[in-house]
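Q: This is what each chain is made of:
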Amino acid sequence: MDPLTILTIGERLINISVSAWLAFRQAAKDQGAGIDVLDRLDTQYQVRIDREQRLLDDGA
Amino acid sequence: MKQRILYPLYLALIGCVAALCLIGCGLKSKPVLITGNVAIYEALAAIQDTADALREKNLISVEQRKELASKLLPALQTGQQLARLTKAWPADKPAPQELTVLIGQLRGLVQTVVEAWPPSAGRDALAAKLNLAQSAALALVTLFLR
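Chains as they are written, first to last, in my numbering: chain A, 1 to 60; chain B, 1 to 146.
Pulled out of the complex, with its shape left as it was, chain A reads as follows (with noise of 0.2 Å):
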């Protein structure tokens, strides 16, 4: 692999702790302030669950 390559993955690799902590401590503060993190949650998860199907399905 070249050192480019490495330098992006590692980014990535970084960005998926870095996304999930400030997600985590927004949850937090969603769940204290009486949003219903759960909904958006739900939501969340079909949008993703679509594109890998629509990837299947597809194969694009």
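Keep in mind that the hints were calculated from the coordinates and are not lab data. Incorrect hints may appear among the rest.
Stated by the list, open to error - Simulated DEER-style distance windows between Cβ atoms:
id, chain 1, residue 1, chain 2, residue 2, range
1, A, D58, B, A116, 16 to 22 Å
2, B, V62, A, K29, 21 to 27 Å
3, A, K29, B, E63, 31 to 37 Å
4, A, D39, B, D124, 34 to 40 Å
5, B, V101, A, D57, 25 to 31 Å
6, B, V62, A, R40, 16 to 22 Å
7, B, K93, A, D39, 16 to 22 Å
8, B, D49, A, R40, 16 to 22 Å
9, A, V47, B, R123, 21 to 27 Å
10, B, P90, A, R54, 22 to 28 Å
11, A, T43, B, P94, 24 to 30 Å
12, A, D50, B, E56, 18 to 24 Å
To be verified - Straight-line C-alpha distance at most 16 Å; calculated EDC-like pairs for lysine to aspartate or glutamate:
id, chain 1, residue 1, chain 2, residue 2
13, B, K30, A, D57
14, B, K87, A, D39
15, B, K66, A, D57
16, B, K71, B, D52
Unchecked claim - Every beta carbon over 12 Å from chain A, so not counted as near; a handful from chain B, in silico:
id, residue
17, P31
18, N37
19, E42
20, D49
21, D52
22, R55
23, K71
24, T78
25, G79
26, Q80
27, A83
28, P94
29, Q97
30, V101
31, G108
For every residue, glycine included, the Cβ atom is placed at its ideal position computed from N, Cα and C.
On the provided structure of chain A, position chain B as indicated by the hints.
A: For chain B alone, kept in the frame of chain A given last:
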């Protein structure tokens, strides 16, 4: 390379801060489960985005991307099921057994996603870092469900 070296440190700090925050706030099991699921969702979403980015740059083939999709889809569906079950769980009742089962399933499914990751796209690094993050999040959730 520097980013790769720093990554475990970021991860350790995140896990430590999250655990301290949760324990310090005295959150009960349902809120912990919700935030844990949010973190799992974000990790799965980031894996999906990364897989798409690798495919766009032709670093993985269409077949490899489809193989990943076949593993990622059940993980996402289980995460969604977990969210729905959590919503249906009355806060004043003990956690349903099914929740613990789903969490166990999710752990296994995430593992299959990592195993399906192409070695040329950094599977070993992903496996090491993600396992650590998932273990921390799921162990925390399981702990609060007991």
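Q: Next, verify each hint and record whether it holds.
A: These are the hints, each one checked on the structure:
1. Restraint check, A/D58 to B/A116: a C-beta distance of roughly 19 Å satisfies the suggested window 16 to 22 Å.
2. Look at B/V62 against A/K29: about 40 Å separates their beta carbons, and that is not inside 21 to 27 Å.
3. At roughly 42 Å, the beta-carbon separation of A/K29 and B/E63 lies outside the given 31 to 37 Å, and the hint is violated.
4. Between A/D39 and B/D124, the C-beta spacing of about 37 Å keeps the proposed range 34 to 40 Å intact.
5. The hinted window of 25 to 31 Å between B/V101 and A/D57 holds, with their beta carbons roughly 29 Å apart.
6. At roughly 32 Å, the beta-carbon separation of B/V62 and A/R40 lies outside the given 16 to 22 Å, and the hint is violated.
7. In this structure, B/K93 and A/D39 meet the distance hint of 16 to 22 Å, their C-beta atoms being roughly 20 Å apart.
8. The given range of 16 to 22 Å is respected by B/D49 and A/R40, whose C-beta atoms sit roughly 18 Å from each other.
9. Take A/V47 and B/R123: their Cβ atoms lie about 26 Å apart, and the range 21 to 27 Å holds.
10. Take B/P90 and A/R54: their Cβ atoms lie about 36 Å apart, and the range 22 to 28 Å is violated.
11. Taking 24 to 30 Å as the suggested C-beta distance range, the pair A/T43 and B/P94 conforms, at roughly 28 Å.
12. A hinted range of 18 to 24 Å for the beta carbons of A/D50 and B/E56 is consistent with their spacing of about 19 Å.
13. Of the pairs offered as hints, the one joining B/K30 and A/D57 is violated, with about 36 Å between alpha carbons and a cut-off of 16 Å exceeded.
14. With a C-alpha separation of about 8 Å, the suggested pairing of B/K87 with A/D39 holds against the 16 Å cut-off.
15. The suggested pairing of B/K66 with A/D57 holds, with an alpha-carbon distance near 10 Å, which does not exceed 16 Å.
16. Pair hint B/K71 plus B/D52 holds up; C-alpha atoms about 14 Å apart against a cutoff of 16 Å.
17. The Cβ of B/P31 does not lie farther than 12 Å from every Cβ of chain A; its closest approach is about 5 Å, which violates its non-interface assignment.
18. Listed as a non-interface residue, B/N37 fails to keep its Cβ farther than 12 Å from every Cβ of chain A; the least gap is roughly 6 Å.
19. Consistency note on B/E42: stated as away from chain A, yet its beta-carbon is not over 12 Å from all of that chain's, at 4 Å minimum.
20. A cut-off of 12 Å between C-beta atoms contradicts the statement that B/D49 is not in contact with chain A; the least separation is 8 Å.
21. Once the 12 Å rule is applied to beta carbons, B/D52 is inconsistent with being away from chain A; the minimum gap is 9 Å.
22. Distance check for B/R55 against chain A: the nearest CB is about 9 Å away, which does not clear 12 Å, and the non-interface claim fails.
23. Residue-level check failed: B/K71 sits 10 Å from the nearest beta carbon of chain A, not beyond 12 Å.
24. Listed as a non-interface residue, B/T78 fails to keep its Cβ farther than 12 Å from every Cβ of chain A; the least gap is roughly 9 Å.
25. In this structure B/G79 is not separated from chain A by more than 12 Å, as the shortest Cβ-Cβ distance comes to only about 6 Å.
26. Not every beta carbon of chain A lies more than 12 Å from that of B/Q80, the smallest distance being close to 4 Å; the non-interface claim is violated.
27. With a cut of 12 Å on Cβ distances, B/A83 falls inside the contact zone with chain A, its closest approach being about 5 Å.
28. Under the 12 Å C-beta cut-off, the non-interface status given to B/P94 relative to chain A holds; the minimum distance is some 19 Å.
29. At roughly 19 Å, the least C-beta separation between B/Q97 and chain A is larger than 12 Å, which holds for a residue marked as non-interface.
30. For B/V101, the non-interface assignment is confirmed: its Cβ lies about 18 Å from the closest Cβ of chain A, beyond the 12 Å cut-off.
31. With a least CB separation of 18 Å from chain A, B/G108 remains clear of the 12 Å interface cut-off, as annotated.
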